[in-house]
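Work from the hints to combine the two standalone chains into their complex.
Respectively, the protein sequence lines represent chains D and G. Residue 119 in my numbering is what sits at position 119 of the first sequence, and the numbering runs on without skipping anything. Residue 272 in my numbering is what sits at position 272 of the second sequence, and the numbering runs on without skipping anything.
One or more of the hints may lead you astray.
[Unchecked claim] What follows is a set of in silico ranges between Cβ atoms, one per label pair, in the way DEER data are often shown:
1) 108(D) - 23(G): 14 to 20 Å
2) 255(D) - 99(G): 20 to 26 Å
3) 255(D) - 77(G): 31 to 37 Å
4) 30(G) - 49(D): 54 to 60 Å
5) 48(G) - 54(D): 51 to 57 Å
[Claimed, not checked] Far from chain G, some chain D residues (derived; all Cβ distances over 12 Å):
6) 51
7) 52
8) 57
9) 168
10) 190
FYI, nobody ran anything at the bench for these hints, they're computed from the structure. For every residue, glycine included, the Cβ atom is placed at its ideal position computed from N, Cα and C.
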Amino acid sequence: MARAVSRNTKIGYTIAAWFVALLIFFPILYTIITSLKTEQEAISGFNLIPSFTLQSYEDVQSQYNYIRPFMNSVIIAVGSTILALIVAIPAAWAMAFSPTKRTKDILMWMLSTKMMPAVAVLVPIYLIFLRTGLMDTRIGLTVMLMLINLPIVVWMLYTYFREIPGEILEAARMDGATLGQEIVYVLTPMAVPGIASTLLLNIILAWNESFWTIQLTTTNAAPLSAFIASFSSPQGLFWAKLSAASVMAIAPILIMGWFSQKQLVRGLTFGAVK
Amino acid sequence: MATRQTQSLARLMRAPAIILLLIWMLVPLGMTLYYSFLNYNLLSPGTTSWAGWFNYQYFYTDPAFFQSIWNTLVLVLGVLLITVCGGIAIALLIDKPIFGQGIVRILVISPFFVMPPVAALIWKNMIMHPSYGVFADIAKFFGATPVDWFAQYPLLSIILIVAWQWLPFATLILLTALQSLDGEQVEAAEMDGASAFARFTHLTLPHMSRAITVVILIQTIFLLGVYAEILVTTNGGPGYASTNLTYLIYRAARLNFDIGGAAAGGIIAVILANIVAIFLMRAVGKNLD
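Here chain G stands alone, though its shape is the one from the complex (with noise of 0.2 Å):
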């Protein structure tokens, strides 16, 4: 009786959060979806009409769509390298025994907090600046030349500042399993003659399996949304080098108004993510019980 007026009671709480929730995952997908169907131009309004597959099509016959494609691998792999062994190398440093280590862990987490268009100009003009960055200054003082980044080098400058950002969020997972291992496992290995090696491989990294998962999968989904570092330095350039598919349909829906194929690649772009979100639900959904 009383369970039942709280039952009742606890449905109408969470229907605010479940009815928002659906209306903003259902209408706008089903929009796009709806729009990538059609032959729809913003330039040329009043000439909307039924496109059948062909934004699809388009999109997909288009060079630079498999450019982008590889790019957004090419991408998200870079970073997803750099940050998951620079993560567990300097999370295994930071957990030894040092002097101010409270500090240490404040200066390593705090690229994260830096929002991306900060990050990635601090890079392009403090940093990788041709004239006037640090890296020009160092080849300077060494006598090269120096080197033009975003020009020579433009995705790989671009996977630079994102794992720049994304090493502190991996180092700072990877740290919190590590500091959830047994220490007396270690030890009594340690006892029993295993070499660190033979630790790290068969006692530590076997603990943090379960983290470099969860940082693997998280962080492609926002990695396939890179966006506003590649706004910021290239502009996707020079030609598509640096075009990733976030940046693809971006430029299709604002810079070109193709409404139809922007939402087709909208559409590409929601079941390439997909596949990764399976599996990330199926690591967080066992830890649920």
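Pulled out of the complex, with its shape left as it was, chain D reads as follows (with noise of 0.2 Å):
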């Protein structure tokens, strides 16, 4: 039963709590007003109120073509999130519904596998990248996001389908399905829900990437945070062109991000807080 809370106490954490949340929003707030306002508007000093000009956005666009890491983004995050989702779809149902004695050690060396510092093995794959021509390819970066975020998508399709009843599994053999129909029929529905958390977690991790997106790339296959990386020795003054890109940069992630906080929890904690 919820406690009776006097209303004055509620406003008064209503205040404290409001103010905390847009003290911490505050520099993705005033990069989006900066955004809309000129670069002369930009570097007068502090100004919440801009003239709304939407030139920086296309600036951007026709300095930079940005377009091109935009779209470089979208394909390296959503392709890398899929290949990995056909490697981790079946061998998390495997572990789920036909474990063995091992299969808690697998799921443990797997999470292993993501301890390693990324910058440990930059060296060898910074000269396979080279040598074999994957450097500055999208192939060649989106099968590195796969590679690296394959445990995370293993572990949260596991717990996800951990939580789907054996006995239905188990009536559904019973009744003679095969193991085709009892994935098509009874297995994916009720999996749909958790491989649609897990794409959406493995995405915006993806998107976010960038140790390895700045090493591999230069120009053509470079993502928005190779791009956004590049803009760190600016030539001149950019205040609102660098807000109106890095607007742009986020705004997608940022509102998938707000409706998977739960799943967020569950994938980034391995299912260790739930």
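This is how it looks when you write it as structure tokens:
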């Protein structure tokens, strides 16, 4: 039963919470505001009311061909996620429904591969990419991101699949369903929500990945994280344009993130906190 | 009979993921280990030779190495301190009955979805810039001299940015744990006359301890690899003032083309990460049964 709280207390908490929330959100809010300013306005002191011009958005596209890194991000994030799901769904299914004595060890080992610091394999991966012509290609980066996120994908799917009651599968087997039928008619409908959550979280992770994207691309395959990082050495002032580029880079994923708060907890703690 | 068929099929279904991860783990790591014993610089090809322990010795005796290890520790501990303490405080606040809780949650969680280069550039230019940043505007408003953050306090500046990115994560995990706290137990304690502080230290904090552990361990794994934030703000400088181990290795590999040295550094990074990983695996493993 919810405890009765006096109206004044609630208002007090509300003011405190909103203050903290706006403080945390402020850098993003200010970036959105700055993106709507002219370059001159952007560097003339603190000002929360922009002139609402979309000039910077146009400039970013016309001067830097923004659509290319954006599409690279979409292709690489979605592509690596789908690749990871293709490999991970059967594996997670097998581990959830036909566990062996070693299943737990295999899962823990998969998790351990995620602990390997990226920089530890920078040298060999960089050399392999240089020598095989994978450097600055979307396919190379897609495979790379698939590999680094595969353990999380397997784990997340596993925790979802494990919640599907095994009796249903047994019942289907008793009724003479083949394994194929079992997957198509019984498992798939129940697994779709878990797969969708996994897909969402993994797209977020792949979209924001910034180590390998910067190391393994230059111009052709550079997704947004590498493209924006190249703004670190500005030629002249460009506050409004940087803001516009930033807003477009984070907006899609911010919105997806708002819808996946629960999955985020689950995916990033490997089911340790629910 | 049917089960044997199922078992072999299950093995077949597991195989691609396991084989891929096995290759992904063994091949690059084996190559790193091999390179770490070579004199190998991309700028002087053809002079590659066996180096024995030289790369490790070289890395170990480089003053930059100790500074980068120190910076790594300060960065990880600083961010953990801010995010865990801040996360507990904010989680407790958001868990209270407030108007617009959903929106507050969305605002608080947002920084986590900002990709590292964008987060760092927003802070560098919009917030901390000595002439045009919001901090400078505030300082000027009070008649103070604006601080040149990245020149004067490079490591602290990076800690602030990274803490801003990870505070939502800590808050969200701790809030999830907080919401599973038994309300009746708290109420009973309240009726028995336990003070708010006593209720927090004896009920809430023990209940959250597991989540706090998980937050610390997972964040540590990611914080050991902080890279893009350093690249776009200080470039590791001035000097090595804001270079962590990840950045030092990146520098050796990509800017000095010293393959052997970077590989030796990579092996050291693996050892460091493994120490953390062992603890994390225990925490997660316990929950698996």
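Hint check results:
no. : hint                       : verdict
1   : 108(D) - 23(G): 14 to 20 Å : 19 Å, holds
2   : 255(D) - 99(G): 20 to 26 Å : 23 Å, holds
3   : 255(D) - 77(G): 31 to 37 Å : 34 Å, holds
4   : 30(G) - 49(D): 54 to 60 Å  : 59 Å, holds
5   : 48(G) - 54(D): 51 to 57 Å  : 54 Å, holds
6   : 51                         : 17 Å, holds
7   : 52                         : 18 Å, holds
8   : 57                         : 15 Å, holds
9   : 168                        : 15 Å, holds
10  : 190                        : 17 Å, holds
Every hint, counting from the list given before, is met by this structure.
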